[in-house]
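Protein chains: 2
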Amino acid sequence: MQDHDPPITERDISTTFAKGVAVLRAFDDTHSHLTLSEVAALTGFDRAAVRRLMLTLVHLGYARRDGRRFSLTPRVLILAGSFLRGNRFGTHVQPILNRYASLIGSTVSIAIADDHSAVYVAQSVMQEHEISFGFTIGSRLPLLSTALGRMLLAYGDPEWVGGVLRRAPLPAHTARTLQDRDAIARAVAQVRADGHAVVTAEFEPGISGYAVAIGGLGAARAVIGTSRPESDAADPAPIIARLHDAAREIVQTGVFDGW
Amino acid sequence: MQDHDPPITERDISTTFAKGVAVLRAFDDTHSHLTLSEVAALTGFDRAAVRRLMLTLVHLGYARRDGRRFSLTPRVLILAGSFLRGNRFGTHVQPILNRYASLIGSTVSIAIADDHSAVYVAQSVMQEHEISFGFTIGSRLPLLSTALGRMLLAYGDPEWVGGVLRRAPLPAHTARTLQDRDAIARAVAQVRADGHAVVTAEFEPGISGYAVAIGGLGAARAVIGTSRPESDAADPAPIIARLHDAAREIVQTGVFDGW
DNA sequence: ATCAGTCGTGCGTTATACGACCAAAAGTCA
DNA sequence: TGACTTTTGGTCGTATAACGCACGACTGAT
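Chains as they are written, first to last, in the working numbering: chain S, 1 to 259; chain R, 1 to 259.
Just to be clear, a hint being listed does not mean it is correct.
Unchecked claim - Partial chain S-side listing against chain R, Cβ under 7 Å, derived:
1. T73
2. L77
3. S82
4. V121
Stated by the list, open to error - Which bits of chain S does chain R cover? Going by a derived footprint, with three or more residues having C-beta under 8 Å, they are:
5. 22-28
6. 40-54
7. 59-70
8. 85-91
9. 136-147
If you are wondering where the hints come from, they were derived from the structure by calculation, not from laboratory data. Glycine is no exception: its CB is placed at the ideal position from the N, C-alpha and C atoms.
Whenever a hint applies, use it, and build me the whole structure from the sequences.
Written out as structure tokens, the structure is:
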């Protein structure tokens, strides 16, 4: 794709390892306790292979088994922890999020694209606010119907974007969810032109989402955004401006540099 | 070890997958940008194998390459995110930590054992406090010289504990770091008897650490603790009591159930 | 230009994945 | 409750893919 460093990566990639990661990822918020057969069904792999891979995860301590059901252990947090530490996430990125969340007055989140979803990978924390709306790190949002998602699409690889626009599921979360894929494509083009995305009530009724890219048109793989009651925001411009400020600061950390 | 569910796991574990995970884990806070040779040296694997595994990670989007150096991408956060969501971490565990941190007046953290270290996997967040002392999720502490570590040892599998007591590195972080392994073993036994650990100035000068187990003697794989200036704490009992309260609440979430 | 270090590749050996089979448990219906 | 069907987990042999080693090319210093 954008791998210009080594000519290309053909098939000197380890399918076994890739499958293992896929097995690990079969566990998400809706599937936290799975049987071997369920994992096999979710990943499309052979049950025998899934069994070996799952037992490997158990052996390494990343999964536990209780009878026939497997689940992940907190040890998987270590996999992310090394990245967080190595990139000074807690000391450099998190404070930026917290600061702008205070300024804006609503929870600020960073998301990246994964499959057909935008996934929260970081979020501001505010002592008072308890929890915004149940969306936390790891939450998945539809790319097509949210501000974060459309911002990711606007700055994403055109080939990938085309595929998502054509094939990604498009459930009508609300009465106002855009159902016309061509219309969504035009909306994404507009987002690209504007440099920011505002989407109202297409995913959660009465909620408007705001998002800008972290980095420039070809360099951005992550987006930052917030959401607030639709009624709140007569003028989105101040919010967008703040988000751009935050994005600029985050770019300077280098954590979200292109990959 | 404690796998009584299936008789035992012998060699129906996938070494390729295990190696891939090890490669992923070669990236920590002190090694965030590595060459193939460095990864090979850190893991002890062949360079060719490391190359395939790294390219696999790049292909999957979990790593990037810049010339000859590889580094992880924020996508690795997704691996943890699914666990966090699936176990309602953000909505159930995190508030407990935050609440008790306010009560106690210092940052509260959860750690698990990994290799010869205790690793932070969760931490309270306090808007005001900015950052406690540079220790964030992913931080590694020596098992032998910290309260969190000795608590993990006190409730850990005896065989594993013996190995750690005998073989784990024991640098003298401060002038007061216990250097006699037998004395540390006795201290760990005392911790097991007490049900809590207090360690003063053995890791950071002027800082006392406090820790209790999350779960009972055989069921605890995680510990919760805090640290504060040595001068603060004439009487550790109230702090320990609070930590026990927090541990009880966290046990009820089931997130840290034995594995 | 030399030299040390690193990366990429081809081939023989080793180990993994796949599919089928069997046993056992779970679910179903009378 | 009983026997039935269905599903699940574990095992075994074989084709296939990955590993490890060695060699050659390249990069970047000194």
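Do the hints match the structure? See the list:
no.	hint	verdict
1	T73	4 Å, holds
2	L77	4 Å, holds
3	S82	4 Å, holds
4	V121	4 Å, holds
5	22-28	holds (count 4)
6	40-54	holds (count 3)
7	59-70	holds (count 9)
8	85-91	holds (count 6)
9	136-147	holds (count 4)
This entry satisfies every hint, going by the numbered hints stated previously.
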